[in-house]
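From first to last, the protein sequence lines are chains P and G. Position 127 (the first sequence) corresponds to 141 in this note's numbering; numbering is contiguous. Position 90 (the second sequence) corresponds to 96 in this note's numbering; numbering is contiguous.
Hint data in this document are derived by calculation from the structure and do not stem from the laboratory. Ideal placement from N, C-alpha and C gives every residue a C-beta, glycine not left out. Some clues are possibly wrong.
As the list claims (entries may be wrong) - To give a feel for the contact side, a few chain P residues facing chain G, derived at Cβ under 10 Å:
(1) Glu112
(2) Glu116
(3) Ser161
(4) Ser164
(5) Asp167
(6) Asn168
To be verified - Beta-carbon label-pair distances, calculated as ranges:
(7) G:Glu66 x P:Leu109: 31 to 37 Å
(8) G:Ser87 x P:Ser129: 42 to 48 Å
(9) P:Gly155 x G:Leu151: 40 to 46 Å
(10) G:Arg141 x P:Asn168: 19 to 25 Å
To be verified - Sample of chain G residues lacking proximity to chain P, with all beta carbon distances greater than 12 Å (derived):
(11) Ser39
(12) Lys58
(13) Glu66
(14) Asp74
(15) Leu77
(16) Glu80
(17) Glu145
(18) Asn153
(19) Gly154
(20) Gln155
(21) Ser159
(22) Ile161
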Amino acid sequence: MKLFYASCVVIFLATSPYIYASEQTNDETEILEMIQDIEKGWESGNGMPFYQHYLGQVGARYIESGGQNKGLEDLVKNHVEPEKEVLKRLTIDILDIETNVEGDFAWAVTTVNVSGEVRKTGAVFDKKGFQTYLFRRTDEGWKVIHSHSSTRDNKPHKHR
Amino acid sequence: MKKIYLLSIILVPLLLTNSVNAHDKSHNDTSNSPMFSGLDSDAGIIAKQFHKALSEANAETVMSLLADDVLILEGGRIERSADEYRAHHLQADMQFSSAVTTKTIEHHVRVHGNTAVSISRSHTSGNYKGRDIDRTGNETLFLTLINGQWKISHIHWSH
């Protein structure tokens with residue numbers, strides 16, 4: 015009997031790291047897929063991924079440089095969806111994603127290339143930048159509670 | 007809207023929200039303003055100390071508040087440790103912060119167990135190296151409780 019209990023303990027100890035690692039992997043996979051969905055939403059001017067993946071708290075604000083959208087619906091209707099009218103083409107290439115899960119909280123940083131063409135003027139742009147996403151685990155899975163994006167023209171960095 | 011294209015958006019949920027550029031010189035009474043919250047928490051105090059240290063060019067304090075493996079994003083640059091930041095941009099950031107005037111517009115700190123988020127907006131004005139500065143900046147700080155002390159493990163600055 016002692017041997018049985020000892021075996022159980024050994025098996026538990028041997029497998030628990032893999033179970034934990036698997037949970038971590040599942041979290042990171044879910045978060046990765048969310049970010050990819052959101053980027054596709056930006057590219058296509060589709061607000062659905064935002065409604066699906068953002069927590070959308072009452073009173074939430076979405077700030078874009080000096081301006082801001084108040085609430086998730088405002089963000090989608092006045093920012094995401096109009097992009098497809100303003101831009102003839104928009105491509106977001108995710109070059110790298112780093113994800114950190116801390117219990118029911120997670121954050122991810124993506125490195126992106128953003129390129130596109132303005133419909134009205136024909137001006138093209140090519141930028142590189144970063145996005146910080148913060149997530150909270152809810153009963154419905156991970157939800158974005160904050161994002162912060164910044165881009166800069168693709169050119170060598172100058173010190174201030 | 008079109009001038010920034012989409013990637014300069016910042017989502018600031020009120021439950022987490024808001025503001026301070028790392029380059030904050032002003033310390034207004036914010037106790038009763040809806041634009042400021044969570045600043046009296048331990049993590050909030052760390053965030054304010056960080057801003058103050060940068061504006062006072064106090065490198066020792068700045069470094070003491072950063073996690074060793076802090077990830078710092080600003081514009082197109084990325085730094086992956088406190089040592090790397092100290093070697094590259096810390097001095098320039100402190101010189102800039104101490105030369106200009108920064109007014110915090112919003113600053114919210116929310117604690118989630120052993121992690122905390124500080125989100126802030128600020129307006130910076132002045133003259134730096136002959137260049138007029140007049141801009142709004144945004145900052146996201148992610149803090150982690152490490153051995154009982156809050157450390158800044160991620161910074162994202164943009165303007």
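Verification of the hints:
For Glu112 (chain P), the interface hint holds, since its Cβ comes within 10 Å of a Cβ in chain G; the closest pair sits about 7 Å apart. This hint holds: Glu116 (chain P) has a C-beta 5 Å from the nearest C-beta of chain G, less than the 10 Å allowed. Because the smallest distance between the Cβ of Ser161 (chain P) and any Cβ of chain G comes to about 4 Å, under 10 Å, the interface hint for this residue holds. Checking Ser164 (chain P) against chain G by beta carbon gives a least distance of about 3 Å; that is within 10 Å, so the hint holds.
With a cut of 10 Å, the hint placing Asp167 (chain P) at the interface with chain G holds, because the nearest CB-to-CB distance is about 8 Å. The criterion of a C-beta within 10 Å of any C-beta in chain G is met by Asn168 (chain P), whose closest approach is roughly 8 Å, and the hint holds. A C-beta distance of roughly 35 Å is found between Glu66 (chain G) and Leu109 (chain P), which places it inside the suggested range of 31 to 37 Å. Checked against the given bound of 42 to 48 Å, the beta carbons of Ser87 (chain G) and Ser129 (chain P), roughly 30 Å apart, lie outside it.
Under the hint 40 to 46 Å, the C-beta atoms of Gly155 (chain P) and Leu151 (chain G), about 25 Å apart, miss the expected range. As the Cβ distance of Arg141 (chain G) to Asn168 (chain P) is approximately 21 Å, the hint placing it in 19 to 25 Å holds. With a closest Cβ-Cβ approach of about 15 Å to chain P, Ser39 (chain G) is found to remain outside the 12 Å limit, as its non-interface label requires. No Cβ of chain P comes within 12 Å of the Cβ of Lys58 (chain G); the nearest lies about 20 Å off, and the non-interface call holds.
For Glu66 (chain G), the requirement that its beta carbon stay farther than 12 Å from each beta carbon of chain P is met, with the minimum near 21 Å. The non-interface label for Asp74 (chain G) is consistent with chain P: the shortest C-beta to C-beta separation is roughly 15 Å, beyond 12 Å. The Cβ of Leu77 (chain G) does not lie farther than 12 Å from every Cβ of chain P; its closest approach is about 6 Å, which violates its non-interface assignment. Not every C-beta of chain P lies more than 12 Å from that of Glu80 (chain G), the closest at about 8 Å, which undercuts listing it as non-interface.
For Glu145 (chain G), the shortest C-beta to C-beta distance to chain P comes to about 8 Å, within the 12 Å cut-off, and the non-interface label is violated. The claim that Asn153 (chain G) lies off the interface holds: its Cβ sits roughly 15 Å from the closest Cβ of chain P, which is beyond the 12 Å cut-off. Residue placement check: Gly154 (chain G) keeps its beta carbon more than 12 Å from all beta carbons of chain P (closest about 16 Å). Every CB of chain P is more than 12 Å from the CB of Gln155 (chain G) (nearest about 16 Å), matching its label as outside the interface.
A Cβ of chain P approaches the Cβ of Ser159 (chain G) within 12 Å, the least distance being about 8 Å, so the stated non-interface status is violated. A Cβ of chain P approaches the Cβ of Ile161 (chain G) within 12 Å, the least distance being about 9 Å, so the stated non-interface status is violated.
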